[in-house]
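> Sequence lines, in order, name chains V and B.
According to our numbering, the first sequence is numbered sequentially starting from 1.
According to our numbering, the second sequence is numbered sequentially starting from 1001.
Since the hints were derived computationally from the structure, they do not count as laboratory data.
For glycine and all other residues, C-beta sits at the position ideal for the given N, C-alpha and C.
There could be a bad hint or two in this list.
[Stated by the list, open to error] BS3-like mimics (lysine-lysine), calculated; alpha carbons at most 30 Å apart, straight line:
1) V:K258 - B:K1243
2) V:K69 - V:K322
3) B:K1185 - V:K322
4) B:K1112 - V:K122
5) B:K1185 - B:K1172
6) B:K1096 - B:K1157
7) B:K1114 - V:K322
8) V:K69 - V:K96
9) V:K207 - V:K90
10) V:K131 - V:K69
11) V:K330 - B:K1112
12) B:K1054 - V:K322
13) V:K322 - B:K1308
14) V:K195 - V:K207
15) B:K1175 - V:K277
16) B:K1157 - V:K258
17) B:K1175 - V:K258
18) V:K311 - B:K1114
19) V:K277 - B:K1112
20) B:K1096 - B:K1017
21) B:K1114 - V:K122
22) V:K236 - B:K1157
23) B:K1054 - V:K311
24) V:K122 - B:K1185
25) V:K131 - V:K211
26) B:K1424 - V:K311
[Claimed, not checked] Derived list of chain B stretches under chain V, where covered just means 3 residues or more per stretch with a C-beta under 8 Å from a C-beta of chain V:
27) 1025-1031
28) 1053-1065
29) 1160-1168
30) 1269-1283
31) 1387-1401
[What the hints assert, rightly or not] Beta-carbon label-pair distances, calculated as ranges:
32) B:D1111 - V:E331: 28 to 36 Å
33) B:Y1116 - V:N166: 43 to 51 Å
34) B:S1110 - V:K122: 53 to 61 Å
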Amino acid sequence: MNQRSNLLALLLAAASVTAASSAIARDSIEVVGSSTVYPFSTVVAERYGRASGKPTPKIESTGSGGGMKLFCSGVGTNYPDITNSSRRIKASEFKKCQANGVNDVIEVHIGYDGIVIANSVKVAPMELTRKDIFLALAAKVPGAVVGELIENPYKTWSDVNPALPNTAIEVMGPPPTSGTRDAFAELGLEGGCKKIDWIAALKKTDKRAYKEICHTIREDGAYIEAGENDNLIVQKLEANPAALGVFGFSFLDQNADKVQGSSIESVEPTFESIADKSYPISRPLYFYVKKAHVGVVPGIQGYLNEFTSEKAWGEEGYLAEKGMIPLPIKERRAMAENTRSLVPMTGKEGLK
Amino acid sequence: MTKPVNTPVNNLQKIRKSLSRRNRSEWLFRWYGRLAIFIGLVAVTVLFTDIVSKGHGAFRIAYLQLEVEYNRDLIGVDNLTDPEQLILGNWQAVPKQALRQQFPDVSGRSDKRKLYGLVSNGSGFDLKDRLLANPMLLGTRETVWVLADDDIDTYYKSWLDGEPYAARLSDKQVKWIGELHDQGKIRLQFNSNLFTRGDSREPEQAGIRGAVMGSLFTLLLTLMLSFPIGVAAAIYLEEFAPKNGWTDFIEVNINNLAAVPSIIFGLLGLAIFINFFHVPRSVPIVGGLVLTLMTLPTIIITSRAAIKSVPPSIREAALGMGASKYQMVLHHVLPLALPGMLTGAIIGMAQALGESAPLLMIGMVAFIVDIPGGFSDPATVLPVQIFLWADSPERAFIEKTSAAIMVLLSFLIVMNTSAVWLRKRLERRW
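So that you can see chain V by itself, here it is in the shape it has in the complex (with noise of 0.2 Å):
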């Protein structure tokens, strides 16, 4: 009997536990969203928290489309207060926020990110165009007649432009459920896919085709998909100096020993390149936040203050420090004060 008893009140405390921690509000905030801008503001959260003597907020990295899903879910505690992107809010994510109730968002644009194209420092660096990196990557690229398109047929760098070297293409990159790659292909490829007259063109008649042109990879080994670990990327640039591979600029930052980044259109990937804009393949990184959870967790004012500072997102923070590229001081001012006064969304910024 004795034995039984034990067993059920095992079960029972246990059944108790989580019972009533489901019924606990929450102290700390929750972050969702980017791996991208995952590394930012989780240094934005401990400095927070270890200043302010508040819990530490909680980051998950989702990445930029499952944290929209997660946040626009709905409003209460069981939802996150905050979600980071590596791209601008769509239309249809707004949409979907205003119809779960989650009314009033706020939206932080903290800075950019650039991302580089790198090779080992064994060997020379390369000299890119963005119209190379279509031609060298793009599943389809244009035959000789206006209009044809033709399987990949490019082996080498050098068969894409005379003036690269004679080294077969191998570009490792990150896999198709990365924001990086979609970010890639939007301002590498199709930045180069755009400088041919008649793609270009087709931009007005048929959008979809288009799209299908400029943003699609080829797959034939040519492109390999090394996964998210940018570490790994570097690891296997380091063992294959003929090998090119597509990461973010904080990796580059941090590996400056072991890769070098290839210049675009003669503009090498600086810290400040990226800055003030000359550098082509960069993007915005955001954050959005839920108004209606400010004052309700704790903390959220003070979490959007320290981010939004001098010390933490200013040219000399510590935010460059780990590789994010700030916003010009100007619109810096303003996103800073539009923050604070907690200035929500009016849903006509023109959210493509």
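We have chain V already, so just place chain B on it with the hints.
For chain B alone, kept in the frame of chain V given last:
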């Protein structure tokens, strides 16, 4: 009669002929076995040497010796019991001032920034903790070892190894470190932060305490739930349940569940516990529940095997002496089967400890700094911590990752050894 007659002589010749062939196949088979074990050992050795060679550095970390002054005006604090003042205090000013005094000829904004970059940006808070522990120090000076920045730590270690990595440092910083080294004011110390702190985005301040505590709470709940449920299910199925189509069906399902990829249990947990029962995300409760689902089949299967191995004569003797079936099971079969069940439970727990995929779906893959103090505090677990560090851009996290793997492996080795030991110790031969 064209067939040869099987005379004894004929047979003997056949056997003699085949003898060398049979000997050879046995010899080959033995060597295949040795080769297989050899390959396995080589793989384990390569894995361990790789991890240890990358991770051993993380157990030591660079400290700088500075003479700091707990100046009331500098920090902006004159009363250590006032929480408001403690929050607003400019703690980082203490190591900054000490650095300025150490290198008085450094001037200019950018040079000063580089100078301040020598120490960890959390060192001010470390000094604050020190001051709170000894309030008498306020207003006095003392010489202390202060945590260095992770870039300095990486450089100093690589420099000691003879392959300096200075890409993240300026020439001036390299020169300052050289001077500090000559004066004996930089040294490697045991990295206690690794074991006493939670996660951090600054590699020099990051530790695995939070993840270890998270793993502990999660596993405790898993054990509390899955062991009783698993043992009860196994006893019922083995001793009481009628043998019919239903029990066969259940048995097939249990065996199936044991082979289901663990991420599926994560999805199940997300749908049931989080979306339906509204258990909060990222807490050990939900992690423990999901891992319970995952380890239950393993525990049921091993427990059933343990019960089966108890000889029927024990049961018959108990029943013959007039015990009820319930008494027979509880007083005789269960105690005899318990060692086997425990071994199964430990192996199940070791499996749960190394699991990260199902936790991805329920929000336990997150950046959590505060060390969890209970079942309902947000937490991560060890394998998740390894995953998060492996993905971090800062170079110093590479050695941290390997160090965390070493800790996880040592937990697993302890658990699996104790399973083997328990089995040897308590096992009964019939």
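> Against this structure, judge whether each hint is valid.
Quick rundown of the hints versus the structure:
Between V:K258 and B:K1243 the alpha-carbon distance is near 65 Å, which puts this suggested pair outside the 30 Å criterion. Between the alpha carbons of V:K69 and V:K322 the distance comes to roughly 27 Å, so the proposed pair stays at or under 30 Å and holds. Distance restraint check for B:K1185 and V:K322: the Cα-Cα separation of roughly 27 Å lies within the 30 Å cut-off, and the hinted pair is therefore satisfied. Taking the CA atoms of B:K1112 and V:K122, the gap is near 34 Å; set against the 30 Å cutoff, the hint is violated.
For the hint linking B:K1185 to B:K1172, the alpha-carbon distance of about 17 Å falls within 30 Å, and the restraint holds. The hinted pair formed by B:K1096 and B:K1157 meets the criterion: a straight-line CA distance of about 23 Å does not exceed 30 Å. This hinted pair checks out: B:K1114 and V:K322 have alpha carbons roughly 15 Å apart, not beyond 30 Å. In summary, the hint linking V:K69 to V:K96 is supported, as the alpha carbons are separated by about 9 Å, within the 30 Å threshold.
As the CA atoms of V:K207 and V:K90 are separated by approximately 18 Å, the hinted pair is consistent with the 30 Å bound. A distance of roughly 35 Å separates the Cα atoms of V:K131 and V:K69; the hinted pair therefore is violated under the 30 Å criterion. Straight-line distance between C-alpha atoms of V:K330 and B:K1112 comes to about 26 Å, which keeps the hinted pair within the 30 Å bound. Between B:K1054 and V:K322, the direct Cα distance comes to roughly 23 Å. Compliance with the 30 Å bound is thereby established for this hinted pair.
For the given pair, V:K322 sits about 59 Å from B:K1308 by alpha-carbon distance, which is inconsistent with the 30 Å threshold. Pair hint V:K195 plus V:K207 holds up; C-alpha atoms about 16 Å apart against a cutoff of 30 Å. With a C-alpha separation of about 34 Å, the suggested pairing of B:K1175 with V:K277 is violated against the 30 Å cut-off. A C-alpha spacing of about 18 Å is found between B:K1157 and V:K258, which places the hinted pair at or below 30 Å, so the restraint holds.
Among the hinted pairs, B:K1175 with V:K258 is consistent with the structure: their alpha-carbon atoms are about 23 Å apart, no more than 30 Å. The straight-line distance between the Cα atoms of V:K311 and B:K1114 is roughly 15 Å, inside the 30 Å bound, and the hint therefore holds. A threshold of 30 Å between alpha carbons decides the hint, and for V:K277 with B:K1112 the separation of about 28 Å falls inside it, so the pair holds. Simply put, B:K1096 and B:K1017 have alpha-carbon atoms about 89 Å apart, too far for the 30 Å limit, and the pair is violated.
Between B:K1114 and V:K122, the direct Cα distance comes to roughly 29 Å. Compliance with the 30 Å bound is thereby established for this hinted pair. With a C-alpha separation of about 24 Å, the suggested pairing of V:K236 with B:K1157 holds against the 30 Å cut-off. Taking the CA atoms of B:K1054 and V:K311, the gap is about 34 Å. The hint is violated against a cut of 30 Å. Between V:K122 and B:K1185, the direct Cα distance comes to roughly 36 Å. Violation of the 30 Å bound is thereby established for this hinted pair.
Between V:K131 and V:K211, the direct Cα distance comes to roughly 16 Å. Compliance with the 30 Å bound is thereby established for this hinted pair. Proposed proximity of B:K1424 and V:K311 is contradicted: the alpha carbons are some 61 Å apart, above 30 Å. With 0 residues having a beta carbon nearer than 8 Å to a beta carbon of chain V, the region 1025-1031 of chain B misses the requirement of three or more and the stated coverage is violated. For a cut-off of 8 Å, the count of residues in the region 1053-1065 of chain B with a CB near a CB of chain V stands at 0, and the three-residue condition is violated.
Only when three residues or more bring their CB closer than 8 Å to a CB of chain V does the claim for the region 1160-1168 of chain B stand; here the count is 3, and the claim holds. For the region 1269-1283 of chain B, the stated coverage by chain V holds: 7 residues have a C-beta nearer than 8 Å to a C-beta of that chain, and at least 3 were required. As drawn, the region 1387-1401 of chain B meets chain V at 7 residues by the rule of a beta-carbon pair under 8 Å; at three or more, the given contact holds. Between B:D1111 and V:E331 the C-beta distance comes to about 29 Å, which sits within the given range of 28 to 36 Å.
Range check, B:Y1116 to V:N166: about 48 Å between beta-carbon atoms, so the 43 to 51 Å window is met. A beta carbon spacing of about 32 Å between B:S1110 and V:K122 contradicts the range 53 to 61 Å that was offered as a hint.
Going down the numbered hints, you'll see the structure goes against 1, 4, 10, 13, 15, 20, 23, 24, 26, 27, 28 and 34, while the others check out.
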